[in-house]
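Chemist: Its first residue numbered 1, the sequence shown is counted upward by one per residue in our numbering.
Just to be clear, a hint being listed does not mean it is correct.
What the hints assert, rightly or not - Label pairs and their computed distance ranges (CB to CB):
1) P46 / V119: 23 to 31 Å
2) L48 / L135: 29 to 37 Å
3) E47 / P147: 37 to 45 Å
Keep in mind that the hints were calculated from the coordinates and are not lab data. All values derive from a computational prediction rather than experimental measurement. Ideal placement from N, C-alpha and C gives every residue a C-beta, glycine not left out.
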Amino acid sequence: MIERIRNSVKLGSIDEETVLLGIIFVLSSLMLYEAQSFGSASQRLPELTSAATAILAFIVLFRNFLPSRIEEKLFPEDESDSGGVMGVDRDEEDTTETESKTGKFGIHGGLFTGVLTVVYAALGIAFGFLFVTPLFIAIYMYWFDYPWYSVIGMGLLGLIITYVFVTTFRIPLNEGIVGAMTGGAMI
Numbered sequence: 001m002i003e004r005i006r007n008s009v010k011l012g013s014i015d016e017e018t019v020l021l022g023i024i025f026v027l028s029s030l031m032l033y034e035a036q037s038f039g040s041a042s043q044r045l046p047e048l049t050s051a052a053t054a055i056l057a058f059i060v061l062f063r064n065f066l067p068s069r070i071e072e073k074l075f076p077e078d079e080s081d082s083g084g085v086m087g088v089d090r091d092e093e094d095t096t097e098t099e100s101k102t103g104k105f106g107i108h109g110g111l112f113t114g115v116l117t118v119v120y121a122a123l124g125i126a127f128g129f130l131f132v133t134p135l136f137i138a139i140y141m142y143w144f145d146y147p148w149y150s151v152i153g154m155g156l157l158g159l160i161i162t163y164v165f166v167t168t169f170r171i172p173l174n175e176g177i178v179g180a181m182t183g184g185a186m187i
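Based on the sequences and whatever the hints tell you, model everything.
Modeler: See below:
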């Protein structure tokens, strides 16, 4: 097993996937710690979700250290699977990067996703996530050439899920900073 870890190409390379998994692990661990300060009735859900997220992120992050039998069960090799968690083989990254550098309008897909996520967060904080979420989903899915019925369906699903959070959990996702400053006149 030690020899397998030493020979692993994945162990020495830190890429976007590894950084993202590390951030997810750290944030979910912090949320697990912070959930201890909640009341007993409201701490159960944050504890369970953050613990599950931290454990799964830890397993994926340190999959090279797992015994081979457990690794085969958790990460089965497919003919269609190219090795990486996000579907990109780390050995073939350099060759595929030049092919998929530009997206639909001449912008790299990763750059588009990053910019769209920042714009989504900024607009959501400013105007509320209730109507920004379906717009984000629709733009993202349109960019990556999903069928129109999937774009509309997933946009509506995002709207419904956000609305459920607003009504059921009384989380004010429908009003942003602008809505709060205008007294809810925009909604």
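Chemist: So, for every hint listed, does it hold in this structure?
Modeler: Hints, one by one, checked against the model:
Distance hint for P46 and V119: a CB-CB separation of about 28 Å, consistent with the stated range 23 to 31 Å. Remark: the range hint 29 to 37 Å for L48 to L135 is upheld by a beta-carbon distance near 31 Å. At roughly 39 Å, the beta carbons of E47 and P147 sit within the given window of 37 to 45 Å.
Taken one by one, the earlier hints all hold for this structure without exception.
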